[in-house]
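J.: Sequence:
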Amino acid sequence: MKLALATLALVASSALAEEPPVPQLFRGIGAQQGQWRMEILEAEGRGRSVRGGMAITLCTDNLYREARERAARRGRADCTFRVLKDAPEEALVETECPDGTSRISMKREGAKSLLMQAEVNGSRGASTMKARYTYEGACTAQGTTMRFDKDSDACRQLRSQLAQMDPDKSCARAAQRDECEARMRAAAEQMAAMCR
Numbered sequence: 001m002k003l004a005l006a007t008l009a010l011v012a013s014s015a016l017a018e019e020p021p022v023p024q025l026f027r028g029i030g031a032q033q034g035q036w037r038m039e040i041l042e043a044e045g046r047g048r049s050v051r052g053g054m055a056i057t058l059c060t061d062n063l064y065r066e067a068r069e070r071a072a073r074r075g076r077a078d079c080t081f082r083v084l085k086d087a088p089e090e091a092l093v094e095t096e097c098p099d100g101t102s103r104i105s106m107k108r109e110g111a112k113s114l115l116m117q118a119e120v121n122g123s124r125g126a127s128t129m130k131a132r133y134t135y136e137g138a139c140t141a142q143g144t145t146m147r148f149d150k151d152s153d154a155c156r157q158l159r160s161q162l163a164q165m166d167p168d169k170s171c172a173r174a175a176q177r178d179e180c181e182a183r184m185r186a187a188a189e190q191m192a193a194m195c196r
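Numbering of the sequence shown is given in our numbering, commencing with residue 1 and proceeding in unit increments.
Keep in mind that the hints are not guaranteed to be accurate.
No farther apart than 35 Å at their CA atoms in a straight line, the calculated lysine-lysine pairs in the DSBU-like style are these [to be verified]:
# : residue 1 : residue 2
1 : K130      : K150
2 : K112      : K130
3 : K150      : K107
4 : K169      : K150
5 : K130      : K107
6 : K85       : K107
7 : K85       : K112
8 : K85       : K130
9 : K150      : K112
Label-pair ranges, simulated between beta-carbon atoms [as the list claims (entries may be wrong)]:
#  : residue 1 : residue 2 : range
10 : A138      : A186      : 24 to 32 Å
11 : Q190      : E39       : 17 to 25 Å
12 : R48       : R159      : 18 to 26 Å
13 : P88       : D168      : 51 to 59 Å
14 : E179      : T80       : 29 to 37 Å
15 : R159      : P88       : 39 to 47 Å
16 : E179      : E109      : 41 to 49 Å
17 : R132      : M191      : 19 to 27 Å
18 : K112      : K150      : 17 to 25 Å
19 : L92       : R173      : 47 to 55 Å
20 : A126      : R177      : 38 to 46 Å
21 : A172      : R132      : 43 to 51 Å
These are calculated hints, taken from the structure and not from any lab test. The structure displayed is predicted, hence computed values, not measured ones. Glycine is no exception: its CB is placed at the ideal position from the N, C-alpha and C atoms.
Please build the complete structure, drawing on both the sequences and the hints.
T.: This is the structure we're talking about:
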């Protein structure tokens, strides 16, 4: 999951960098806003390997908002971006963040789709991912940055975690019990929204 989000840094670059580079291949696609479907073709890293079968829907509007809020809290942008290759059909971008560096190669596949390959070297080790991104238009789920297919393995795991969440047990010894329970309810709602 973290690897998939690392590749989204490019899409959210305008929220994270003072003068964001926007590669030419994004022109006419809507890279700065809207909903994207990411199909993971393969991913390797941290002792795990994934071969296809996972799809995530992302709302870049919310991704931008969250990145801007995070940068405002810290008083600075977290990452710097450099476009190493910039052509209408292909781009190569390097991202440097406090926890690591990524190189993202992108090729236009169609009018609204891109094939991306990412190499991430960070504090948790190296990982790679190939994914297809397809622009779907305006975001359809308010407040939700990321959604999985309802019947996916990821949603089955989230539903299992939700079933085990018990604010009474987890917050029983908390000094600020009401705040603890509110945080748990908010987390549960956010998790549930990822699978609607």
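J.: Each hint: holds or not?
T.: Against the structure, the hints:
Taking the CA atoms of K130 and K150, the gap is about 22 Å. The hint holds against a cut of 35 Å. With a CA separation close to 17 Å, the supplied pair K112 and K130 stays within the 35 Å bound. Between K150 and K107 the CA atoms are separated by roughly 29 Å; this keeps the pair inside 35 Å, and the hint holds. Distance hint between K169 and K150 is fulfilled; the C-alpha atoms sit about 28 Å from each other, no more than 35 Å.
Under the criterion of a C-alpha separation no larger than 35 Å, the hint pairing K130 with K107 is consistent with the structure, at around 11 Å. This hinted pair checks out: K85 and K107 have alpha carbons roughly 11 Å apart, not beyond 35 Å. Distance restraint check for K85 and K112: the Cα-Cα separation of roughly 20 Å lies within the 35 Å cut-off, and the hinted pair is therefore satisfied. With a C-alpha separation of about 18 Å, the suggested pair K85 and K130 falls inside the 35 Å cut-off, and the hint holds.
Restraint check: the Cα-Cα separation between K150 and K112 comes to about 24 Å, which is no more than 35 Å; the hinted pair holds. In this structure the hint that A138 and A186 lie 24 to 32 Å apart at CB holds, the actual value being about 25 Å. Here the CB-CB span from Q190 to E39 is close to 23 Å, well matched to the stated 17 to 25 Å. In this structure the supplied range 18 to 26 Å holds for R48 paired with R159, their Cβ-Cβ distance being about 21 Å.
Distance hint check: the CB atoms of P88 and D168 are about 57 Å apart, consistent with the given range 51 to 59 Å. Checked against the given bound of 29 to 37 Å, the beta carbons of E179 and T80, roughly 36 Å apart, stay inside it. For the pair R159 and P88, the beta carbons lie near 43 Å from each other, so the given range of 39 to 47 Å is met. In this structure, E179 and E109 meet the distance hint of 41 to 49 Å, their C-beta atoms being roughly 47 Å apart.
For the pair R132 and M191, the supplied restraint of 19 to 27 Å holds, since their beta-carbon distance comes to about 26 Å. Against the hinted window of 17 to 25 Å, the Cβ-Cβ separation of K112 and K150 comes to about 23 Å, which satisfies the hint. At about 51 Å, the CB distance of L92 to R173 agrees with the hint of 47 to 55 Å. Hint check: A126 to R177, Cβ distance near 42 Å, so the stated range 38 to 46 Å holds.
The hint said 43 to 51 Å for the Cβ distance between A172 and R132, and at roughly 46 Å that hint holds.
Hint check: no violations occur; every hint is consistent with the structure.
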